[in-house]
Structure formats: structure tokens, C-alpha cells
Amino acid sequence: MSKKISYSEAIKQAIDEEMKLDRSIFVIGGETKMFGSLNGLEDKYGKSRIITTPISEEATTGLILGAALSGMRPIQVHIRVDFMLLAVNQIINMISSATFGSNGKLKCPLLIRAVVGRGWGQGYQHSKSLHGLFSQIPGLRIIMPTTPSDAKGMIKNAIKNDSPVISFEHRWLYWQEEELRKDLDKTNYNFPSKLNSGKDVTIVATSWMNVEASMACKILKKNHGVTVDLFDLRSSESLNNLNKVFESVRRTGRCIIADNDWLTSGLSGEIAFRIQENCITSLKSPIKRAGFKNMPCPTARNLENHFYPNAFDIVKIVENMLKLKISSLEEFIIYSHEIKFKGPF
Amino acid sequence: MKLTENKIFKKLFEVTSLISASEKIIIKFYNQDEMKTPMHMSFGDENCITGVVESLRFDSFFFGYYRSHSLFLAASRDPYSFFAELLGKKTGSNGGIAGSMHMSSINNGLLNLSAIVASTLPLSLGAALANKTLKKKKFTTIFFGDGAIEEGVFYETLNMASLFKLPILFVCLDNDLAVDLNKEARQGFKSIKELIKSYKCEYLYSSNPDAIQAYKISEKAKDLIKEKNSPVFLHMKYYRYLQHIGIKNDFEIDNINSFEKSNYRSKETHNKFLKKLPWENTFKKMLKIGFDKKELYKIKKRIEELVIKSYQKARNDEFNDVKDLKKKVFY
Chain A
1 MSKKISYSEA IKQAIDEEMK LDRSIFVIGG ETKMFGSLNG LEDKYGKSRI
51 ITTPISEEAT TGLILGAALS GMRPIQVHIR VDFMLLAVNQ IINMISSATF
101 GSNGKLKCPL LIRAVVGRGW GQGYQHSKSL HGLFSQIPGL RIIMPTTPSD
151 AKGMIKNAIK NDSPVISFEH RWLYWQEEEL RKDLDKTNYN FPSKLNSGKD
201 VTIVATSWMN VEASMACKIL KKNHGVTVDL FDLRSSESLN NLNKVFESVR
251 RTGRCIIADN DWLTSGLSGE IAFRIQENCI TSLKSPIKRA GFKNMPCPTA
301 RNLENHFYPN AFDIVKIVEN MLKLKISSLE EFIIYSHEIK FKGPF
Chain B
1 MKLTENKIFK KLFEVTSLIS ASEKIIIKFY NQDEMKTPMH MSFGDENCIT
51 GVVESLRFDS FFFGYYRSHS LFLAASRDPY SFFAELLGKK TGSNGGIAGS
101 MHMSSINNGL LNLSAIVAST LPLSLGAALA NKTLKKKKFT TIFFGDGAIE
151 EGVFYETLNM ASLFKLPILF VCLDNDLAVD LNKEARQGFK SIKELIKSYK
201 CEYLYSSNPD AIQAYKISEK AKDLIKEKNS PVFLHMKYYR YLQHIGIKND
251 FEIDNINSFE KSNYRSKETH NKFLKKLPWE NTFKKMLKIG FDKKELYKIK
301 KRIEELVIKS YQKARNDEFN DVKDLKKKVF Y
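One line per chain: the protein sequences are A and B, in this order. Counting with the working numbering, you get residues 1 to 345 for the letters of the first sequence. Counting with the working numbering, you get residues 1 to 331 for the letters of the second sequence.
Keep in mind the hints are simulated off the structure, nothing from the lab. Virtual Cβ for every residue (Gly too), placed ideally from N, Cα, C. Each hint should be verified, as a subset may be incorrect.
List time: in silico DSS-like cross-link candidates among lysine-lysine, alpha-carbon distance up to 25 Å [to be verified]:
#1 B:Lys216 - A:Lys47
#2 B:Lys313 - A:Lys47
#3 B:Lys326 - A:Lys160
#4 B:Lys327 - A:Lys156
#5 B:Lys10 - B:Lys309
#6 A:Lys105 - B:Lys193
#7 B:Lys193 - B:Lys216
#8 A:Lys218 - A:Lys284
Simulated coverage check for chain B against chain A, where a stretch passes if three residues somewhere in it have a Cβ under 8 Å from a Cβ of chain A [stated by the list, open to error]:
#9 25 to 36
#10 96 to 106
#11 157 to 168
Partial list, computed: chain A residues near chain B (C-beta under 7 Å) [what the hints assert, rightly or not]:
#12 Ser56
#13 Ala59
#14 Leu69
#15 Ile92
#16 Asn93
#17 Lys105
#18 Asp162
#19 Thr264
Chain A on its own, in the form it takes in the complex (with noise of 0.2 Å):
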């Protein structure tokens, strides 16, 4: 029988094992549904733990740091990232420098949960990501975890983790379903994981992209037989350990990142540099890159697929990289939550 859970159900699952074993654990937030992930938390512990706010994102943070440096481990929700915007002076100048500023005598350890909206007309302030612009500032912790296992483990590892960590969460993937890993306690998540093995290309991706670029392994399987490495960078602590990225690079001499966010003085900009700069003399041509349209998203439908990257942009830059004949893409479907969703939020 098959025992396979969903993204959502395995983060409710990390948050509900944490609690009930330290009652420092608390859930914050304006809106603490988030998709199904603290579903039956609030009657099991209670409106003290999970704690509904007036819509004041700034002071809940400020809260969290205040919890946080005086012994209680908080996690702050925002139902979109671009919420969390408003309590930007709470996380880049007062808890990424918390530690820093005790002269590392304080502990920092809260999570901040923040989902990427996307699909039915979500439009430029209900669907940013912006984990590169976080992942710039020492002192905080970016996840992104993009499968249900990576989602419990690392929301574990955040919850016990005694410095700041936030968590980007593609709305897309609370649905997402798989049989967890047995290896969850035990795995490194500072390190990107390997979602594919081949010889041709190396890919790079970043929360939902992975799920775009996995098609893409399986088109370009199908139509022209090249086989792709496929990373998902999933931290921004992997950044220090590309070296698994690294050997791929030499051996494919070819690198494509796929990054869920603008591209422009982004985290792919970030990733490509230090490929380059290991993997210089093995390269066979430039890295490519494949992420936002370089303006804010859009709501009407076709206008959105314009902004989006998907897994036919992924599949057409590889052919143009390897000189492959493009390849007819009509029997694939690209993946669109709205087969499901229909509004409104």
C-alpha cells in the first residue's frame, strides 16, 4: 500500500513532531492556514501556540526576533512572500545581525514560512519569490524545499536550528505527493540533491523550476536521447558545496540554471560565477540561464505564461546549446495547477 504524503501534510508533520516535543515552538501569523500545513495544530495545542495576529507583519516579526532572543523557537507565517515585504527592516536590519551583533553570544533560532504564489491571475503582488534578494544578506538561512521529504526534513532542521532561517515555499507544490525518504534525520541538507543522473547537461534549479526542469530531463530523453544531471540547489548553505555540481560541470561542459525568481543581479547570477569560476577550462559554452521575464508578473493567462519559465523554454535551450534540430513538443503538456485550482486565493 502505498504510503506516499504531500508536501503539505509532510511540512505539518515536521512542525507537529518539533512541538510536541518543545513547548519553546510556537506558530504566528495574520493567516495561519498556509495550504493545509498546520491543519489540527490549533485545536492540539491550542490559540497560546498557534497564535492569529492582526495584519501588522512588521510587529509580528519584531515579535519573533523578541521571542527568539529571549529562549522560545517561533515560526512566523506569511500566506505570500510579498506579505513578508513588510517587515523587511525586522529580518535584513535587526535579525540578520541579532547574533552577529552579541558578538555571537545570542541565539537567533526562529523560521519564517513565506509561499510563492503563482497561477489564476495572481498578479505582481501576490506571486513573488525573491529568494536570491534574501539569500544576499549574511546572517539568514534561505530553503527552498521542493519534494515533500526535503520540505519535513529541512523544516525540521530550521525549527532546531538556533539562527534564522526562511523558507520559500512555491504554492504549486503543497500538493505534490511522494513516500518520504527513511533517510530524513540523517541527510545534509546544506548540499544540492541530485533529482536526475545523465552525461549531456548539467542543470541547476531552484523550488518549482525543478519540477519544470524533471520534465524537461524526460522531453529531451524522449526526443533527441540526451540525459541530464539534474541539481535542486534547495539552500542557500549549498551555495558553499557546489562541489557535486562542480564534477558534473567538468564532465558535461555544459550548465543550465533554472532559478523560480527574476534573473537580473539574482541567485542564478550567483550560482553561474562560482560554476565559472571552478569550471572554467571545462566548459564547451556559456552557462545558460532560464528564470522570471524581467518585469513584474502580470494577471491575464497568456500574458503570465509569457513571464513564467517552463519546461519547453528548458528543452530549447538545450537544443540550441548541443545544435540539436528543435523538436516538436505537441504531445507534452506543461503542468498547470489550475487543472485543480479555480480560485480564488
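Got chain A sorted already, so can you dock chain B onto it with the hints?
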């Protein structure tokens, strides 16, 4: 005068003397360019802060802001780590990483100060929640200037503290100035008192208190927090003797090296306040309640010697090693 009261008042006098002497040392040596850190001098708020901190010393977390010297010294009573921090030395309270604007004294409950107006206000909410959950200390005390009241997060914080009935003492150190702007130029509300009264938060007021008055009103605030099961806003007026940032007063600002205007206050008012310096107010009060003048001068002298020795010792200390820095970014 009870014996315990006697002890407390003596401590209040010692701490105000410590702050006053330390500020004088900074003024004397700042131009030697060894204390390379922007300083928002405390000269003027020493009685207010000393009184409140002594009253809550053993049962509160403290948060504050960049005008930090009185708060740090009142909480830590440690001029050596104070000067070492200002001089950027390894032995400083924060290893030279924080400087004047972000000092902390963790063992004494002073957890975080910020250089950004109003930014530590919401931290008090979290510390108060932690107090409740972990049954640690009873109160959380947050110090801020009147300029913070014009920031949005002030209202978010006051609202949540009132809504959740959190045991927080909000201490507004009101000098009528935000940098060089007086309240008429920046406040669109009728009064701080009316503003606070519209929340489920108690309001107390004190104007230019001596340290004993400040202590007593803080004790009253503690009782009110318990009795009313609500936060208390303690509004303390005081006179800021020096410019917003730096060691001069507004009549001495040259307008070349300062972003502040000059002469933004009346000379007449300034002269009036020069005749009633906070330390002297506390000194006179101590005499009035029966302390011996000679004994008080002896205390003052002892503390002045301690302060200059601390400064000199800190000057000879080593700077922090850069190779240790990276390890302190994450815990």
C-alpha cells in the same frame, strides 16, 4: 527612610554618577578620534533610565535604542566593557562589533538595541510572550524616544500589546525633539496622552524626575501592569542637553560636519536647564532625604576614578581578531 530603601537610593545615586562621569569622559576624549563610533549622548536622560532599570533590574528584559549609554551603564554597571566597546576593543561588551548604537548586556537582561528608530519596539512583544510561556522574568521594558511614535510599527506594537494584554512597560523618553525637529513640526495628533489612552494601555507621566522619582514611578508602573493586566506607557519628559548625535549642543554646531541644523532651541531654555542638571537633582534629593554630603561626594569621587581607570585600561586592550568574525554571523 527604611534600610532597604536607603540601599536602593544609594545605588541610584551611584549609577547616575557613573553615567554622568562616563559621559564627561567621552566629551573630553572623543576628539582624540579613538572612539570611532557615532554617539547619541545620553546627557539628560540618566535619572529616568537609572530609576526604571533599578526598579526592574531582576524581573525584566530590556530593549532600547541608539541613545544607549545610560541604558547600558544602568543595566551593566560596567564602565570597562562600555569604554572597551566604544573604543572597538575585543574586551568590549560586544567585542567591538556593535559600537555605541547596538550595545547589549545579556546577563543583565539588556538583549538588543537598534540604530533604526522604533525597530526594537515589537521585540518587546516576543520577550513578553516568552516570559509568559517560559515563566522566566515578569516584565519586558522597552525604551524609545518620542520620535518613534511617528513610526508605523509603534502602532502595530501598541495594538498587539494591548490586545494580548502583555506585561510590557513602554518607556517613552520624550525630549520634544526628533533629531532637530520639534514636536509641532512633526506630530499631527493632539497629545501622546490622548493617543495612548485610546488603547487598552495604562498611562503614567513624569517630567524631569530625579532618579528616586523615576524609580518610584517605575514601581507604580509595575503594580499597574499586575493590577490592570495590561501594558503601561510611562511618558517621561526630559531635556536633551546635547545635539542629536555628537558631543556638542545645538548652539555649537558648525553646520559643516553635521547634518543637524544649529540653534534649534532657545538659549534661554537651555540656560535654565543648565541650572538643574539631572545628576544635581538627584544629589539634592539625596541630601533632602538625609544622606550625608561628604559621603555622597566620596561616592562620586570613587566612581569618577573607576571611570577614568576603566577608560585607560580599555585603551590599552587589543582589537578583536578578524579571523573570528565569520564564526559569529550564525550561532
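Evaluation of the provided hints:
1. Between Lys216 of chain B and Lys47 of chain A the alpha-carbon distance is near 37 Å, which puts this suggested pair outside the 25 Å criterion.
2. The suggested pairing of Lys313 of chain B with Lys47 of chain A is violated, with an alpha-carbon distance near 52 Å, which exceeds 25 Å.
3. With a C-alpha separation of about 21 Å, the suggested pairing of Lys326 of chain B with Lys160 of chain A holds against the 25 Å cut-off.
4. Between Lys327 of chain B and Lys156 of chain A the alpha-carbon distance is near 23 Å, which keeps this suggested pair within the 25 Å criterion.
5. Pair hint Lys10 of chain B plus Lys309 of chain B holds up; C-alpha atoms about 22 Å apart against a cutoff of 25 Å.
6. A C-alpha spacing of about 38 Å is found between Lys105 of chain A and Lys193 of chain B, which places the hinted pair above 25 Å, so the restraint is violated.
7. Annotation: proposed proximity of Lys193 of chain B to Lys216 of chain B holds, straight-line Cα distance about 20 Å (limit 25 Å).
8. This hinted pair checks out: Lys218 of chain A and Lys284 of chain A have alpha carbons roughly 23 Å apart, not beyond 25 Å.
9. Three residues within the 8 Å Cβ limit are the bar, and the segment 25 to 36 of chain B against chain A gives 0, so the coverage statement is violated.
10. Check on the segment 96 to 106 of chain B: 5 of its residues sit with their Cβ under 8 Å from a Cβ of chain A, so the three-residue criterion for coverage holds.
11. Check result for the segment 157 to 168 of chain B against chain A: holds, 4 residues qualifying (beta carbon to beta carbon below 8 Å, three or more required).
12. Using the Cβ-Cβ criterion of 7 Å, the hint placing Ser56 of chain A at the interface with chain B is satisfied: the shortest such distance is roughly 4 Å.
13. The beta carbon of Ala59 of chain A is positioned within 7 Å of a beta carbon in chain B (closest approach about 3 Å), and the interface hint is therefore held.
14. Because the smallest distance between the Cβ of Leu69 of chain A and any Cβ of chain B comes to about 5 Å, under 7 Å, the interface hint for this residue holds.
15. Because the smallest distance between the Cβ of Ile92 of chain A and any Cβ of chain B comes to about 10 Å, over 7 Å, the interface hint for this residue is violated.
16. With its C-beta approaching chain B no nearer than about 5 Å, Asn93 of chain A sits inside the 7 Å limit, and its interface hint holds.
17. A cut of 7 Å between beta carbons decides the hint on Lys105 of chain A: the least distance to chain B is about 6 Å, and the hint holds.
18. A distance limit of 7 Å between C-beta atoms decides the matter here; for Asp162 of chain A the minimum to chain B is near 4 Å, and the interface restraint holds.
19. The beta carbon of Thr264 of chain A comes no nearer than 26 Å to any beta carbon in chain B, farther than 7 Å, and the hint placing it at the interface is violated.
In this structure, the earlier hints numbered 1, 2, 6, 9, 15 and 19 are contradicted, and the remaining ones agree with it.
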